[in-house]
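Chemist: Residue strings, one per chain:
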Amino acid sequence: MSERYVPVSWNRSKILYDMTLAACVLLYLGAFHALGDRPRADGASIDPQILAMKAYGSCAFLMMSTALAIGPLARLDRRFLPLLYNRRHLGVATFAVAALHAWEVVGWYFAYSPTQPLVALLSSEPAPGAARDLPFVPFGVAALAILAVLAATSHDFWLRFLRPPVWKALHMALYPAYLSVVAHIAFGHFQNDATTVFGALAATVTAGVCALHLAAAWRERETPALAHRGWLAVGPPDAIPEGCGIVVRPADGEAIAVFRNEGKLSALTNLCAHQNGPLGEGKILDGCVTCPWHGFQFRLVDGCAPPPFTERLATYNLRLADGVVYVDPKPNPPGTPVAPLDPAGSRR
Amino acid sequence: MSARAAEFAVIVATLYGAFGGAVALAFLIFGVERLDPAARGAFAFRAAIAPGAALLWPLVLWRWSRAGADGRAGR
Chain A
1 MSERYVPVSW
11 NRSKILYDMT
21 LAACVLLYLG
31 AFHALGDRPR
41 ADGASIDPQI
51 LAMKAYGSCA
61 FLMMSTALAI
71 GPLARLDRRF
81 LPLLYNRRHL
91 GVATFAVAAL
101 HAWEVVGWYF
111 AYSPTQPLVA
121 LLSSEPAPGA
131 ARDLPFVPFG
141 VAALAILAVL
151 AATSHDFWLR
161 FLRPPVWKAL
171 HMALYPAYLS
181 VVAHIAFGHF
191 QNDATTVFGA
201 LAATVTAGVC
211 ALHLAAAWRE
221 RETPALAHRG
231 WLAVGPPDAI
241 PEGCGIVVRP
251 ADGEAIAVFR
261 NEGKLSALTN
271 LCAHQNGPLG
281 EGKILDGCVT
291 CPWHGFQFRL
301 VDGCAPPPFT
311 ERLATYNLRL
321 ADGVVYVDPK
331 PNPPGTPVAP
341 LDPAGSRR
Chain B
349 MSARAAEFAV
359 IVATLYGAFG
369 GAVALAFLIF
379 GVERLDPAAR
389 GAFAFRAAIA
399 PGAALLWPLV
409 LWRWSRAGAD
419 GRAGR
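For the protein sequence lines, the chains are A and B, in the order given.
Taken in order, the first sequence gives residues 1 to 348; the numbers are from our numbering.
Taken in order, the second sequence gives residues 349 to 423; the numbers are from our numbering.
It cannot be assumed that every hint is accurate.
[Said to hold, decoys possible] Beta-carbon label-pair distances, calculated as ranges:
(1) R163/A x Y364/B: 19 to 29 Å
(2) A203/A x F367/B: 37 to 47 Å
(3) W410/B x H33/A: 43 to 53 Å
(4) F367/B x D77/A: 41 to 51 Å
(5) R352/B x Q49/A: 25 to 35 Å
(6) P406/B x D77/A: 37 to 47 Å
(7) S413/B x A111/A: 37 to 47 Å
Since the hints were made in silico from the structure, they are not lab data.
Nothing here was measured: the structure is a model prediction, and the numbers come from that model.
The beta carbon of each residue, even a glycine, is placed where N, CA and C say it ideally should be.
Bound-form chain B, shown alone (with noise of 0.2 Å):
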């Protein structure tokens, strides 16, 4: 690989993970419960799954998405 390739996929793989670092934390703040029911009030499991969403974040962001148009439309 080249060090120009190289260094664009450094920066790629940097943002796509800073990115997803911040979906993942949000996700696990706000998020997870709404997918889940087995995740609610159970907060220790949040940081062993944080490094899936951090890597998931696209699957995350439209799984969650949909999760809360499903809501709404429920209501």
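Pulled out of the complex, with its shape left as it was, chain A reads as follows (with noise of 0.2 Å):
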């Protein structure tokens, strides 16, 4: 927003979201060594340093599976939608808990090695297709470095010096982060045997991300917008919850979230002025949608920011007819004031 940055706005449920991050992680690095450390059936212990190394990365894997698990979830019910908010931070939290995976790896392998660790690293697997076996390292290594850039440029500021398109696909990022992290899990397992629980979990986790995503994609798929005359069915009033929104997608253009506040119908973009939020899904308080994402406010009536911050969104205009709620897809100028639709008052 216009005020001044701050390293980290905290607020309640940011403190509570962080916090419980913390705790899960804790708890599962801790159930990990707990677990890893007893004595096999041979009588073998797996050194500290390789289970610290097993605990960080698998953490980080399913730490990434959640983060890309959530968008999904939250767009197929609703109350998934507090994990939304915040997710920024879990990321930041993925990238650290790899860096200590990969810290541990280059400490363990390559600390006394007779070139520099990181060269020794880079240089320890044969290139693609010149030895049987897969190479995996590279895939580590491009994960991290793209977990890196998310992170490094997860503030505020990044967003606004990068414009939210721009910073929005470049967090899309994180889709071939997650794919270099699964191949490099996949070739890593076969190259090793002796974690045939990990390779199945693994598998079964990144199956589930995927289900996830085509459920989402298949749920919207079910609900296409209809035209009249060139504006979009909403269906009838009674079909958008009161204080919250519904979302209508237009063959192009962006799209539009309708919402219903003290019984009268409102419609702004669905793409948050801060970064592209989805505000269909967020709640409205004080005659405000707030976005799920980063609790930013804007007004119903005009698509304005309360002051003092000065983002405006684009508003739509609202008809009703035989009963049907429709939108005008071509939007206003951000921060044109229209009336709320009060449904009431329409009907003759």
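Each of the two chains sits in its own frame; use the hints to bring them together as a complex.
Modeler: Okay, here's the thing in structure tokens:
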């Protein structure tokens, strides 16, 4: 927003979110160490450093999977929306845990190498196709590099510096990073058959993330917007729950969120001015919709952020015909006031 | 990757990072307020954006130089 920057804009929800996240990570790492420290049936035990690198690596993978699952989960069931809030801190924490994994790997395998440890790490595998084994280190390095860029550019300053569409496109790189991690795990697993359980777990989690994305995409496909004289049918007024919104998607152009507040309807672009977050999934407080991602607020009547903030969103015109609410897909200039539609008053 | 290629990659990354660090330091002291009014009088957040400035230093330098040119033209 237009206020002065702070390192982290804490509030009660974010503190609770971060404390829960930290507790989950510490619990996982503690449980991993406790279970992995036990001697096997053959009397052998895992070196503490190897245990640590496996703990950090698997934890980072699960955190990435969670970060990617939250979006579709929230689209499928609104009860998951609180997880969407403050997802950036989850991303930064994921990078930190992944970096600890890399630190342990370099420290264990290459600390006493005659060559420089990073050089030794990068040259530790033959070129693809040059040997029977599949290279898995480059995939891990690539994923860590992407996570580093995403974590380093997570502050609001970078959102403004890069502009929201570029920032959002950059942060979609989490998907190639995830693919790299999956390849890193899979190819590493093929070379180390001692971790069958983790191979199966990783495959299940990856399949789950893919399934959630497919399910969310399928559900959105089920509700296409119907055109009526150029306007889009939103549905009967009662289909829009009080204090919430629903989203309609024109064939081209931005998705539109239609809200009900105190019985009256208003429409704004579905993209938050902050990070293009899904406003249609936000709740209404004091006549303003609150973005579920970071809590940015916009007045329903004109799309403006309340003072002292200056962000403005495009508004849309609504009308009621034959018991159906329609929205004009042509956006008004950002900040244009539009009188809310009163379905009770419009019925003849 | 061959040892020679790995050595080259590490040297390039080190030089990129070292130069990026210098650019980031200068940008956070002298440039950030020119590019973003919300940075005026805000200091603690600069540590949080330092890694990004070091990573994206070519873009930072370009935007900073443009902001400087625009400022001079506007006088």
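Chemist: That 37 to 47 Å hint for S413/B and A111/A (C-beta), does it hold up?
Modeler: Holds, since S413/B and A111/A (Cβ atoms, about 42 Å apart) stay within the stated range.
Chemist: Check the following: the C-beta atoms of P406/B and D77/A are separated by a distance inside 37 to 47 Å.
Modeler: holds (43 Å)
Chemist: Quick check: does the Cβ-Cβ distance between R163/A and Y364/B fall within 19 to 29 Å?
Modeler: holds (24 Å)
Chemist: Regarding A203/A and F367/B, is the given constraint of 37 to 47 Å on their beta-carbon distance met?
Modeler: holds (42 Å)
Chemist: Does the Cβ-Cβ separation between R352/B and Q49/A fall within 25 to 35 Å?
Modeler: Once the Cβ atoms are compared, 29 Å apart, the range 25 to 35 Å for Q49/A and R352/B holds.
Chemist: Tell me if the beta carbons of W410/B and H33/A are separated by a distance inside 43 to 53 Å.
Modeler: holds (47 Å)
Chemist: Measuring from beta carbon to beta carbon, are F367/B and D77/A in 41 to 51 Å?
Modeler: For F367/B and D77/A the Cβ distance comes to about 48 Å; the hint holds.
When held up to the earlier numbered hints, the structure conflicts with none and fits them all.
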